[in-house]
Amino acid sequence: MGARDTDDAGARSGADGRGPDPLPPEARTANLELWNHWTRIHEKSDFYDVDGFKAGASSLWPLEREELGPFIHEGTTLLHLQCHFGLDTLSWARLGARVVGLDFGDEAIALARRLADEVGLSGRAEFVCADLYDADAHLGDRLFDVVFVSWGAIEWLPDLERWAGIVARHLAPGGTFYMAEIHPFASALDEVPGEHDVQVRYRLLPAPDQPYADPVQGSYADAGADTSGLTAYGWNHSFSEIIGALTGAGLRLEHLHEFPTSPAPFWDWMVRDDDRWWWLPDGKGGRRKDLPFSYSLRASKPAGGEA
Amino acid sequence: MLDDYLKANLASWDEVVGLHVESELYDVPGFKAGRTALSEIELHELGPLVGEGTSLLHLQCHFGLDTLSWARRGAVVTGVDFSGEGIRTARALADEVGLSSRATFVQSDVENLRDKLTGQFDVVFTSWGTLIWLADLERWADVITHFLRPGGVFYIAEFHPYALLLADDATPDALRVGYPYFMYGVPQRFDEDGDYADPDAKVEHTVTFEWSHGFAEIVDPLLRRGLRLDFLHELPYTIPGFAFSFLERDERGMQRVKGHHEDFPLTFTLKMTKENR
Numbered sequence: 037m038g039a040r041d042t043d044d045a046g047a048r049s050g051a052d053g054r055g056p057d058p059l060p061p062e063a064r065t066a067n068l069e070l071w072n073h074w075t076r077i078h079e080k081s082d083f084y085d086v087d088g089f090k091a092g093a094s095s096l097w098p099l100e101r102e103e104l105g106p107f108i109h110e111g112t113t114l115l116h117l118q119c120h121f122g123l124d125t126l127s128w129a130r131l132g133a134r135v136v137g138l139d140f141g142d143e144a145i146a147l148a149r150r151l152a153d154e155v156g157l158s159g160r161a162e163f164v165c166a167d168l169y170d171a172d173a174h175l176g177d178r179l180f181d182v183v184f185v186s187w188g189a190i191e192w193l194p195d196l197e198r199w200a201g202i203v204a205r206h207l208a209p210g211g212t213f214y215m216a217e218i219h220p221f222a223s224a225l226d227e228v229p230g231e232h233d234v235q236v237r238y239r240l241l242p243a244p245d246q247p248y249a250d251p252v253q254g255s256y257a258d259a260g261a262d263t264s265g266l267t268a269y270g271w272n273h274s275f276s277e278i279i280g281a282l283t284g285a286g287l288r289l290e291h292l293h294e295f296p297t298s299p300a301p302f303w304d305w306m307v308r309d310d311d312r313w314w315w316l317p318d319g320k321g322g323r324r325k326d327l328p329f330s331y332s333l334r335a336s337k338p339a340g341g342e343a
Numbered sequence: 098m099l100d101d102y103l104k105a106n107l108a109s110w111d112e113v114v115g116l117h118v119e120s121e122l123y124d125v126p127g128f129k130a131g132r133t134a135l136s137e138i139e140l141h142e143l144g145p146l147v148g149e150g151t152s153l154l155h156l157q158c159h160f161g162l163d164t165l166s167w168a169r170r171g172a173v174v175t176g177v178d179f180s181g182e183g184i185r186t187a188r189a190l191a192d193e194v195g196l197s198s199r200a201t202f203v204q205s206d207v208e209n210l211r212d213k214l215t216g217q218f219d220v221v222f223t224s225w226g227t228l229i230w231l232a233d234l235e236r237w238a239d240v241i242t243h244f245l246r247p248g249g250v251f252y253i254a255e256f257h258p259y260a261l262l263l264a265d266d267a268t269p270d271a272l273r274v275g276y277p278y279f280m281y282g283v284p285q286r287f288d289e290d291g292d293y294a295d296p297d298a299k300v301e302h303t304v305t306f307e308w309s310h311g312f313a314e315i316v317d318p319l320l321r322r323g324l325r326l327d328f329l330h331e332l333p334y335t336i337p338g339f340a341f342s343f344l345e346r347d348e349r350g351m352q353r354v355k356g357h358h359e360d361f362p363l364t365f366t367l368k369m370t371k372e373n374r
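So the protein sequences, as listed, match chains Y and L. Read in order, the letters of the first sequence correspond to residues 37 to 343 in the working numbering. Read in order, the letters of the second sequence correspond to residues 98 to 374 in the working numbering.
I should point out that these hints are in silico values taken from the structure, not numbers from a laboratory. Honestly, I wouldn't trust all of these hints.
Restraint ranges, calculated between C-beta atoms of paired labels, are given here [to be verified]:
(1) L/Glu348 with Y/Arg150: 27 to 33 Å
(2) Y/Asp304 with L/Glu301: 48 to 54 Å
(3) Y/Pro209 with L/Asp290: 58 to 64 Å
With the Cβ distance kept under 8 Å, some of the chain Y side facing chain L (calculated, not the full set) [as the list claims (entries may be wrong)]:
(4) His174
(5) Leu175
(6) Arg288
Where is the CB? At the ideal position from N, CA and C, for every residue including glycine.
All chains, full assembly: derive it from the sequences and hints.
Here's what the structure looks like:
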């Protein structure tokens with residue numbers, strides 16, 4: 037399962053056999069250019085702190101380690117979908133998991149492989165360069181104890197039913213799906229012009245045929261980065277869509293948690309605490325805890341083959 | 098503190114029963130003439146599970162119009178409300194429409210229902226503007242789980258958490274946030290004349306205390322008690338009776354957010370099953 041040329045449109049088969057690739061070609065081209073550009077920026081960013089990772093630090097948030105950690109043991113097999121350049125994937129490997137990271141970014145996957153070599157984890161970490169919707173063609177019938185997704189992943193996907201099908205097909209019976217993500221409500225917010233306050237601006241219910249196509253300003257990991265000329269195509273999702281896709285694929289919802297904290301700033305007036313989370317300021321030196329910015333979700337695949 | 102909040106809320110609910118019986122929104126004459134008080138939403142989603150002899154527990158039933166509408170479809174119903182006025186009115190209505198043999202009404206708050214009622218039910222039902230009156234959804238989930246028989250179904254149709262946090266003066270172009278999504282158990286105090294069923298009404302008990310609850314706060318306690326989530330739906334419309342200037346009626350009489358008819362959710366529904374295991 038070596039690197040392949042992800043620009044080869046002929047390889048984009050919609051290989052789950054469930055119809056044409058739901059990702060529009062122009063969105064894929066723009067997003068791949070963006071993510072390759074971002075990969076070069078992120079490798080050097082304080083946000084990702086690659087040097088700290090090489091020195092032994094985990095890139096995972098305490099949240100994921102606390103909530104998914106109990107399911108990770110020596111030899112647990114873990115599939116990380118949309119893994120970017122693999123820091124989180126490799127952090128799970130350091131905790132004992134045997135990991136496969138999948139991402140459509142060829143530069144990110146190349147970097148992930150270099151990092152795995154450098155920190156001595158290549159024996160338990162494999163990286164696959166593939167579009168999410170082509171995962172089946174690359175993973176075959178491989179099953180994993182855990183499927184992991186986190187932070188800013190599903191907004192790049194138009195079709196969550198197809199996504200959830202991939203999750204369910206690659207989970208072993210009794211296996212665990214876990215995701216920590218940006219909250220659907222926060223994804224629809226914008227700042228009130230001239231104020232440190234928020235209002236609903238974008239759609240809160242999904243429209244697979246209506247992606248946003250926004251000019252990119254910097255990166256969540258480096259707000260000042262030069263990204264001129266780049267465009268991001270994305271899709272807002274809702275809880276009913278996300279949960280419905282997972283239950284529709286035969287998974288059982290085990291937990292849903294929500295938090296007023298964000299892993300990255302939405303606007304430059306958000307504030308960061310020592311625990312690295314970003315908050316809305318309350319204008320009095322404190323933190324607003326009244327609005328949701330993130331959530332985590334765990335689901336299981338029934339052991340009895342019901343899925 | 099909690100007792101003071103509940104006392105204020107109870108005074109308000111006892112007072113509005115009379116207003117609601119007379120209101121166009123509740124249309125009691127229509128109900129007496131045979132019309133259902135249930136909306137198309139719960140009729141469509143829960144209706145197929147309610148048939149002749151289905152036992153149904155309705156939490157926070159107000160004066161029982163919805164409860165009795167399920168009874169008319171064949172269910173054997175128990176309605177529960179903390180308002181004595183609501184329960185008295187419900188019993189009188191049940192008598193008047195000839196449903197008292199299949200409808201029982203119990204005066205109790207949700208939290209203490211286990212002291213007042215025994216048995217288990219095929220369906221536990223609650224709807225439209227109930228959650229904001231509950232401080233603690235852990236105890237609510239305890240009660241739901243307790244009263245469901247193995248294999249039984251919990252169903253709720255409610256105003257969407259996002260709908261409850263728009264500012265009173267939100268406009269289609271500036272949907273500002275005016276209320277919290279997370280309240281951490283601390284209620285919002287309202288002091289407002291009028292009533293949702295009759296905005297021009299003069300009421301004596303104007304002060305209420307209300308809690309909003311996020312999705313995790315609603316769903317997670319039920320998951321932790323072993324209920325299986327069958328579906329969570331979000332709809333961009335809701336039933337009348339939710340009076341804000343940023344809403345308007347669609348051609349079917351449902352309310353939607355102006356300028357956001359398809360993309361702002363105003364209703365959620367949730368169905369969960371207590372499995373045989």
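Checked hints:
| no. | hint | in the structure |
| --- | --- | --- |
| 1 | L/Glu348 with Y/Arg150: 27 to 33 Å | 60 Å, violated |
| 2 | Y/Asp304 with L/Glu301: 48 to 54 Å | 50 Å, holds |
| 3 | Y/Pro209 with L/Asp290: 58 to 64 Å | 59 Å, holds |
| 4 | His174 | 31 Å, violated |
| 5 | Leu175 | 27 Å, violated |
| 6 | Arg288 | 6 Å, holds |
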